[in-house]
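One letter stands for each residue in the lines below.
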Amino acid sequence: EVQLVESGGGLVQPGGSLTLSCAGSGSAFSLSWMHWVRQTPGEGLVWVSRIHADGSNAKYADSVKGRFTISRDNAKNTLYLHMNSLRAEDTAVYYCATDWYYTLNYWGQGTLVTVSS
Amino acid sequence: DIVMTQTPLSSPVTLGQPASISCKSDQSLVHSDGFTYLSWLQQRPGQPPRLLLYKISSRFSGVPDRFSGSGAGTDFTLKISRVEAEDVGVYYCMQATQLPITFGQGTRLEIK
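Line by line, the protein sequences give chains L and R. Heads up, the first sequence is in the numbering used here, so the first residue is 1 and it goes up one at a time. Heads up, the second sequence is in the numbering used here, so the first residue is 1001 and it goes up one at a time.
Calculated directly from the structure, the hints in this document are not laboratory data. All values reported here derive from a predicted model rather than from experimental measurement. Where is the CB? At the ideal position from N, CA and C, for every residue including glycine. Treat each hint with caution, since some may be false.
Computed beta-carbon distance windows for the label pairs [claimed, not checked]: (1) P1018/R - K76/L: 44 to 50 angstroms; (2) D1075/R - A88/L: 34 to 40 angstroms; (3) D1075/R - D73/L: 38 to 44 angstroms; (4) S1032/R - W100/L: 15 to 21 angstroms; (5) A58/L - D1065/R: 33 to 39 angstroms; (6) Q3/L - L1015/R: 39 to 45 angstroms; (7) D1026/R - G10/L: 35 to 41 angstroms; (8) N84/L - D1065/R: 45 to 51 angstroms.
Here are the computed lysine to aspartate or glutamate pairs in the EDC-like style, where the Cα-Cα straight-line distance is at most 16 angstroms [said to hold, decoys possible]: (9) K76/L - D54/L; (10) K1024/R - D1075/R; (11) K59/L - D1001/R; (12) K1112/R - D1087/R; (13) K1055/R - D99/L; (14) K59/L - D99/L.
Make a model of the complete structure from these sequences and hints.
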């Protein structure tokens, strides 16, 4: 089983930047594709981004393309989401999750990002 | 993007009775490799989502056998054979056949 712990959430002003981290346990982390998914009461669950195990082939939702960057450091078993030009509509709980044969089998507890002045 | 539509949005159920949730996609979820990447997630109050079923009907590790999935193409169903108190929460269908991954709106299961 993979344990995932997100951190880095908080309050940021519109137009600001924030970097989320997701620390994974176990050797399986470095072998797994990883995703970020966010959740709001209004929109529900929304996929944000995905990255392959070797750090290649990053994909993004249209709503964040050009503003967010996904990356990982397998030596540190850590996934990142660098978020720039934040907007009020980016306010959400952000989850990282492992990809296992085209499903999301393990999820972290989430970290809350609030974009407000 | 593939749109996932769940019904009902709320399901009051008596303990020990069955429950059923429907999920429909607006495009076929059959991947070019022949598999259908439709999953069901459970989110208990205050918890992150948890994987229950993947590839329509395969139960993930530790998931009780009272949970089952069926369907094909664009129509899918999650069934709980006998609802227990710990099943309270919101259930989501999710497709990963095509990016972006998309989710249903969620169905809230509550006890009558």
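Numbers of unmet hints, in rising order: 6
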